[in-house]
Amino acid sequence: MGPDPRPEVSLGRRSPMATTRIVVADRNVITRVGIRSILERNAGIAVVAEATTYDAVIDAVDEHGPDIMIIDLDLGDDTTRGLTICEEIADRYPATKILVLANTLSELIVVEALRRGANGYLCKNDLKSDELINGVKAIQDGDTVLGRGVGSLVAKGLGSTRDKAERLTDRELDVIRAISRGLSNKQIAHEMFISESTVKFHIQNASKKLNSHRRAELVHRASAAGLIN
37 MGPDPRPEVS
47 LGRRSPMATT
57 RIVVADRNVI
67 TRVGIRSILE
77 RNAGIAVVAE
87 ATTYDAVIDA
97 VDEHGPDIMI
107 IDLDLGDDTT
117 RGLTICEEIA
127 DRYPATKILV
137 LANTLSELIV
147 VEALRRGANG
157 YLCKNDLKSD
167 ELINGVKAIQ
177 DGDTVLGRGV
187 GSLVAKGLGS
197 TRDKAERLTD
207 RELDVIRAIS
217 RGLSNKQIAH
227 EMFISESTVK
237 FHIQNASKKL
247 NSHRRAELVH
257 RASAAGLIN
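In terms of the working numbering, the sequence shown opens at residue 37 and continues consecutively.
Errors might be hidden in some of the hints.
[What the hints assert, rightly or not] Taking lysine-lysine pairs in the DSSO-like style, the calculated list, with each CA pair at most 27 Å apart, reads:
#, residue 1, residue 2
1, K244, K222
2, K160, K173
3, K222, K236
4, K245, K222
5, K173, K222
Everything labelled a hint here was simulated from the structure, so no lab data went into it.
Using the sequences and the accompanying hints, generate a full structural model.
Here it is, written out as structure tokens:
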């Protein structure tokens with residue numbers, strides 16, 4: 037096979053048929069190569085870019101518009117900056133789902149990552165290839181993915197969430213379930229025969245009751261309280 041005749045074309049544009057386009061952000065080259073190898077064994081998945089710095093993450097997402105970004109928050113030994121990047125991407129590029137792939141498990145970091153827009157949190161330790169693939173597919177389908185031990189760790193920090201959640205109305209729970217399926221406000225409104233403003237009203241009320249700031253966090257807290265499956 038000869039050299040690529042169009043080296044100036046970005047990798048993302050070389051994968052127009054991919055159904056899941058991913059940016060991988062990790063400073064360890066072996067980890068990046070491993071993630072790419074695992075993901076691209078599956079038809080329809082393409083790693084369109086890799087990033088090793090916080091600034092490069094934003095540039096990669098801006099250029100390629102991926103479906104999913106997989107990120108290690110500690111690209112530069114600054115977890116706070118990594119969390120800020122999650123928040124920035126969630127705000128600027130809401131179509132891009134975020135999967136955190138971390139070295140360590142911290143209740144504070146997990147909760148904060150979800151609050152700032154992460155759709156999933158997996159730990160690298162003992163992570164099997166099928167768990168990564170299933171996590172990627174679940175996130176693209178609109179689910180929130182928490183690795184082994186992550187969900188129980190976060191649940192311990194929820195305090196009286198169950199008591200608060202039990203005060204959610206049936207309509208609010210219906211909206212949360214719809215969000216968990218990945219539906220937009222417009223789609224929820226159409227499905228439930230209500231206006232988008234009413235959907236937003238229910239989301240705002242439920243978010244206040246569960247002290248959540250983002251859709252993924254709202255779903256997770258309701259799920260942890262045992263109110264949705």
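Query raised in the report: Which of the numbered hints are not met once you compare them with the structure shown?
Result: none
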